[in-house]
Amino acid sequence: MSTSRGTAWFIAIVFAVLFAAPLFWGVSDLIEYPAYAGGRTPWLLLILGVVVPVAAYVGAALVARGRTPLLRVVVFAAGLGVASGVTISVIAWALSRFALLG
Amino acid sequence: MEAMARPTDPAPEGDDDLDDEALSWAGDEEQGRARPRLAATGDGDPVGAAAEADDDEDLDLEERAPRDVAGGFVAVVGGILYLALTVGWIYSVQLPVTAAPSQGFPGPIVWQFGKFVAMIGAPLWFGAVIVLTRGRVGLRLGWFALGLALLLPWPVLLELAG
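So the protein lines, in turn, are chains W and X. Mapping of the first sequence onto numbering that gives the first Met the number 0: residues 0 to 101, in sequence order. Mapping of the second sequence onto numbering that gives the first Met the number 0: residues 0 to 161, in sequence order.
The following block holds chain W by itself, in its conformation from the complex (with noise of 0.2 Å):
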């Protein structure tokens, strides 16, 4: 393996490890959600929170294929950004939309 080779996949496997958090946070709320919501459970919400950073992942492997070290690295965070920043928005909706976990 070559060491360009090795670095991108350092780089995608360190960002899986990051990306896991806004995944976790995501399956989290799709599974307890519904227990306080009941009939009010925003579905669309919650699975956009599940898959928005699985896209973003998928999305940013695709766009830093065959680019420079440090270009890889700020495209996967600017994915992770966005990531974080759903998940977060998610919450948010949820808190004062939904008044769930109120």
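It should be emphasised that the hints constitute simulated quantities derived from the structure, not laboratory data. Because the structure is a prediction, the values reported are computed rather than measured. Check the hints yourself; a few may be wrong.
[As the list claims (entries may be wrong)] Computed spacing ranges between beta-carbons, pair by pair: (1) W:A54 / X:E158: 22 to 32 Å; (2) W:R39 / X:D67: 49 to 59 Å; (3) W:Y35 / X:V68: 24 to 34 Å; (4) W:A15 / X:L147: 44 to 54 Å.
We put the beta carbon where it would ideally sit given N, CA and C, even for glycine.
Chain W is fixed; fit chain X onto it per the hints.
Showing chain X alone in chain W's frame:
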């Protein structure tokens, strides 16, 4: 014996012009690109590069100038919007609605990191789009629009909406 030319001696006029044409394209100075772009010709042949530059110069300038202006305009408008997104996220992460959902370790630490990443997400997206879409205005516009939709600071928008 003939005296050697010193670095301070003025170069013959014709040679200087030829060098300039061979090593740069018209408009490079305005764009801050003073370095030669021989690699773009593929074979790295300076003579071929100069001839190619001469042939395509007029056509290239006509095509590139509006595109560069449009790309620059999109970058400036995008910069303003993404600055607004960043400010929105700086406010958002301070709101009670974005407090850590769980108190047990390592929840709050990971949550704080997530809020920090969300805060710097907009400038990172902007930087990545600028670097990756050089010379492609439509693509730049599309990626800016996608980032704008994904990075909206909902916590502060919901707070403002009441």
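Status of each hint after checking the structure:
1. W:A54 / X:E158: 22 to 32 Å: Roughly 27 Å apart at Cβ, these two residues keep to the hinted range, so it holds.
2. W:R39 / X:D67: 49 to 59 Å: 52 Å, holds
3. W:Y35 / X:V68: 24 to 34 Å: About 53 Å separates the Cβ atoms of Y35 (chain W) and V68 (chain X), which means 24 to 34 Å is violated.
4. W:A15 / X:L147: 44 to 54 Å: Given a distance of about 26 Å, which is not inside 44 to 54 Å, the answer is violated.
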